[in-house]
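Q: This is what each chain is made of:
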Amino acid sequence: MDIGQSRAAPRPRRSLLALLVGAQSPYEARKAVWGYFFLAPWLLGLLVFVGGPIVASFILGFTEYDVLSPARWVGLKNYTQALTGDRLFWPALGKTFYYAVVVVPVGLAGSLLLAILLNQKLKVTNLFRTMFYLPHLTPAVTLSILWLWLMNPEIGPLNYVLRSLGFGKFPWLTDKNTVIPSLIVINLWAGMGGNNMLIFLAGLQGVPVEFFEAADLDGASSWQKFVHVTLPMISPSILFNLTLGIIGALQVFTTAFITTKGGPSYGSWFLALHIYQQAFAYFRMGYASALSWIFVAIVMVLTVLNVRLSDRWVFYGGSV
Amino acid sequence: MTTTTRAAPRATLTQRTSSRKIIRTVIVYTLLILLSTLFIFPFFYTVMSSLKAPWEVYTYPPTIVPSRLLWGNYPKAMSMAPFGTWFVNTLIIVVLATAGTVLSASFAAFGFARFKFRFRDALFIFTLSTMMLPAQVTLIPRYILFYQLGQKSGVPFLNTLMPLWLPAWFGGGAFAIFLVRQFIQTIPLEMDEAAVIDGASWLRIYSQIIMPLCKPAVATLAIISVVGQWSSFIEPLIYINDPAKFPISVGLQYFQNVFEGMELGEPKLQYLMAASVVSGAVPIAVFFAFQRYFVQGVVMSGIKG
Chain A
1481 MDIGQSRAAP
1491 RPRRSLLALL
1501 VGAQSPYEAR
1511 KAVWGYFFLA
1521 PWLLGLLVFV
1531 GGPIVASFIL
1541 GFTEYDVLSP
1551 ARWVGLKNYT
1561 QALTGDRLFW
1571 PALGKTFYYA
1581 VVVVPVGLAG
1591 SLLLAILLNQ
1601 KLKVTNLFRT
1611 MFYLPHLTPA
1621 VTLSILWLWL
1631 MNPEIGPLNY
1641 VLRSLGFGKF
1651 PWLTDKNTVI
1661 PSLIVINLWA
1671 GMGGNNMLIF
1681 LAGLQGVPVE
1691 FFEAADLDGA
1701 SSWQKFVHVT
1711 LPMISPSILF
1721 NLTLGIIGAL
1731 QVFTTAFITT
1741 KGGPSYGSWF
1751 LALHIYQQAF
1761 AYFRMGYASA
1771 LSWIFVAIVM
1781 VLTVLNVRLS
1791 DRWVFYGGSV
Chain B
199 MTTTTRAAPR
209 ATLTQRTSSR
219 KIIRTVIVYT
229 LLILLSTLFI
239 FPFFYTVMSS
249 LKAPWEVYTY
259 PPTIVPSRLL
269 WGNYPKAMSM
279 APFGTWFVNT
289 LIIVVLATAG
299 TVLSASFAAF
309 GFARFKFRFR
319 DALFIFTLST
329 MMLPAQVTLI
339 PRYILFYQLG
349 QKSGVPFLNT
359 LMPLWLPAWF
369 GGGAFAIFLV
379 RQFIQTIPLE
389 MDEAAVIDGA
399 SWLRIYSQII
409 MPLCKPAVAT
419 LAIISVVGQW
429 SSFIEPLIYI
439 NDPAKFPISV
449 GLQYFQNVFE
459 GMELGEPKLQ
469 YLMAASVVSG
479 AVPIAVFFAF
489 QRYFVQGVVM
499 SGIKG
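Chains as they are written, first to last, in this note's numbering: chain A, 1481 to 1800; chain B, 199 to 503.
Don't take every hint at face value.
Stated by the list, open to error - Now the stretches of chain A that chain B is said to cover, found in silico as 3 or more residues with beta-carbon under 8 angstroms: (1) 1521 to 1533; (2) 1786 to 1795.
Claimed, not checked - Pair ranges (Cβ atoms, derived): (3) A:V1535 x B:D440: 29 to 37 angstroms; (4) A:V1528 x B:V456: 46 to 54 angstroms; (5) B:P273 x A:V1781: 27 to 35 angstroms; (6) A:Q1561 x B:D440: 30 to 38 angstroms; (7) A:V1528 x B:D440: 23 to 31 angstroms; (8) B:L326 x A:V1535: 28 to 36 angstroms; (9) A:K1601 x B:P273: 56 to 64 angstroms; (10) B:V456 x A:L1711: 35 to 43 angstroms; (11) A:V1781 x B:W269: 27 to 35 angstroms; (12) B:K350 x A:L1785: 39 to 47 angstroms; (13) A:I1534 x B:V456: 32 to 40 angstroms; (14) B:E388 x A:I1534: 36 to 44 angstroms.
Since the hints were derived computationally from the structure, they do not count as laboratory data.
From the three backbone atoms N, C-alpha and C, an ideal C-beta is built for every residue, glycine too.
Sequences are here, hints too, so could you generate the full structure?
A: Printed below as a string of structure tokens:
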């Protein structure tokens, strides 16, 4: 490490190495090489486990490939098949959207409500926070098995409560019309008090007290303060949770896989289950890859739309 | 807050709102208690079901607290399936994947936080954007990759635990790098510079200066990784067919399927519940032990994201 030398000498002509790594001096160039050294394992992983697979998956989408025999180029056939010839594709997409359209906004509102309740500066808040967070820590397989039992139409406690209140037998996961609402209930329970809630809570705690005091002076009601102070101030957290929430909801898999296997009569056959089935039950890797890319396109369009529209309602600035 | 003009109207406001404040506190507590009951009841009911006698599991109306607590259901459930093996498998995956994540993510994070080089920011943004990608896109080619690697090398990768922890040793994922990088950036640069002048190598600066100072971030990351790996389901589901190699998540699903196939025999639901309780207890226990770090980490990712 001869920094003294490089500092004393007049700035030398930039070496090839320095040009390559974008450095101004030999010392900086050497340091930049160290930077690449620290990134090397990760870069290798990025290439092998992320970048490579992304490219491979895109190419596979244009082939027929069952892993055992060599892949066969079929052009756009997989895509036309999915969009026009697969009688499960559009229903699966529709069901996935139905699920996401309910679970995302209701989940966000629920998380925000929980965070607001926890932010009232009351005693034992930490205890409540922990209780809300527990479902999020429970493995998806475990909580699915647990709810399968709670929602048992014959002897489950949920229907027992409903019957005691004078309602009839609710079929929950056993009917194709009620299975998605049931899965929504399960996933709301599992996710509402999770990371979204913690992120909202941190956002709420970052709103300066002075803003509320100023609103009080102006005679604002609690609701006005919520709409005109709290919501704008935590809008970056809302955008963050909304973006990841949409991506997560569209990928709904485990709860449906464990509780219903996509049934009854394909009632909860979500897109992720369809892809899984094609890839790992039928070994139609090419077709499944094409399906995943349709999925990526949908997620990308929604994410870009979401971020674009966010200019209109997300407020950056202040001290958050 | 010290000016008198502001203090005066606040005092009258306080008087006006004092009774409303009590009402509000009551409402908030009521809601908190109601909601936490909703969140806790399924756990309570499951634990109670796991302790029921066979005849009591299927009685209607359902009893909440069983007439006798049969703790023997637990050892019996554990003996009905190779839960011991499944726990060991899970432990191997969790430990190796977490160690890999912590070491390799902090390594890369150090590179991102402390060095300037061409493409650094572009690479970092690309990594963050991969977080938005649905898992299905990489899942299928990764499966093929491990299958082909096994075919070419003669050493099987499928049906081993390797695909579940090996990728963690190459960067540990975008979120992990992001978390540690944010933390390293709060450590003053003078720490490195002093060490450079003393002639320390960058490897030594990483291992003996930065890493020890990163303990909070590393602890957060480790806990998030342990809980996540423990619950991971879809990856072991596709890579492993051999029940002897299952982690607990897939094992539990297997146990559930076997159990559904045996409906004619003696009721076994209480054993499924006991197994579920055990599988869920571990991440919850880890959370309780390290709660402080956990919440910190999640919040860090949220605000700065």
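Q: Please go over all the hints and tell whether each is borne out by the structure.
A: Going down the list of hints, with the structure as the test:
Using a Cβ-Cβ cut-off of 8 angstroms, 11 residues of the stretch 1521 to 1533 of chain A lie near chain B, which meets the minimum of three, so the contact claim holds. For the stretch 1786 to 1795 of chain A, the stated coverage by chain B is not satisfied: 0 residues place a CB nearer than 8 angstroms to a CB of that chain, which falls below the threshold of 3. Checked against the given bound of 29 to 37 angstroms, the beta carbons of A:V1535 and B:D440, roughly 31 angstroms apart, stay inside it. A hinted range of 46 to 54 angstroms for the beta carbons of A:V1528 and B:V456 is inconsistent with their spacing of about 36 angstroms.
About 53 angstroms separates the C-beta atoms of B:P273 and A:V1781, a value inconsistent with the hinted range of 27 to 35 angstroms. Range check, A:Q1561 to B:D440: about 33 angstroms between beta-carbon atoms, so the 30 to 38 angstroms window is met. The beta-carbon spacing between A:V1528 and B:D440, approximately 25 angstroms, falls within the hinted interval of 23 to 31 angstroms. The supplied range of 28 to 36 angstroms is broken by B:L326 and A:V1535, whose beta-carbon atoms lie about 19 angstroms from each other.
Between A:K1601 and B:P273 the beta carbon distance is about 46 angstroms. The supplied range of 56 to 64 angstroms is therefore violated. For B:V456 and A:L1711, the hinted distance range of 35 to 43 angstroms is not satisfied, since their beta carbons lie about 50 angstroms from each other. Our hint of 27 to 35 angstroms for A:V1781 and B:W269 is violated, since their Cβ atoms are close to 54 angstroms apart. Distance hint for B:K350 and A:L1785: a CB-CB separation of about 43 angstroms, consistent with the stated range 39 to 47 angstroms.
As the Cβ distance of A:I1534 to B:V456 is approximately 37 angstroms, the hint placing it in 32 to 40 angstroms holds. As the Cβ distance of B:E388 to A:I1534 is approximately 40 angstroms, the hint placing it in 36 to 44 angstroms holds.
In the structure shown, a violation is registered for the earlier hints numbered 2, 4, 5, 8, 9, 10 and 11, in ascending order.
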